[in-house]
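Per our numbering, the very first residue in the sequence shown carries number 3; after that it's consecutive.
Don't take each hint at face value.
[As the list claims (entries may be wrong)] Once the Cα atoms are required to be at most 20 Å apart in a straight line, the calculated SDA-like pairs of lysine to any residue come out as: (1) LYS69 - ARG53; (2) LYS62 - VAL21; (3) LYS51 - LYS61; (4) LYS69 - THR8; (5) LYS9 - VAL70; (6) LYS56 - VAL45; (7) LYS62 - PRO29; (8) LYS61 - LYS9; (9) LYS27 - THR37; (10) LYS62 - THR8.
Treat the hints as calculated values from the structure; they're not laboratory data.
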Amino acid sequence: MSSRQTKPFKACLRCKALVRPDETKCPVCGSTEFTFEWSGIVVVVDPEKSRVAKFLGIKKPGRYALKVGY
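When you get a sec, could you build the whole thing from the sequences and use the hints?
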């Protein structure tokens, strides 16, 4: 997705969880700091069985950005 287009999610600066733009608090870590500057996406369904989730340090199911900020 081009950075010129509006992204459908914003990323939590603390845990990289992707949330809807109208969210004010991260459902994963509770942070209130977000950015629209993110790239890459990973969806974790079962963090206990996911090698990717373990590698990235993800402990809760959800959508996450791979990179936050530019």
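Okay, the hints, checked on the actual structure:
| no. | hint | result |
| --- | --- | --- |
| 1 | LYS69 - ARG53 | holds, 18 Å |
| 2 | LYS62 - VAL21 | holds, 14 Å |
| 3 | LYS51 - LYS61 | holds, 11 Å |
| 4 | LYS69 - THR8 | holds, 17 Å |
| 5 | LYS9 - VAL70 | holds, 13 Å |
| 6 | LYS56 - VAL45 | holds, 13 Å |
| 7 | LYS62 - PRO29 | holds, 10 Å |
| 8 | LYS61 - LYS9 | violated, 25 Å |
| 9 | LYS27 - THR37 | holds, 12 Å |
| 10 | LYS62 - THR8 | violated, 26 Å |
Going through the hint list in order, the structure does not satisfy hints 8, 10.
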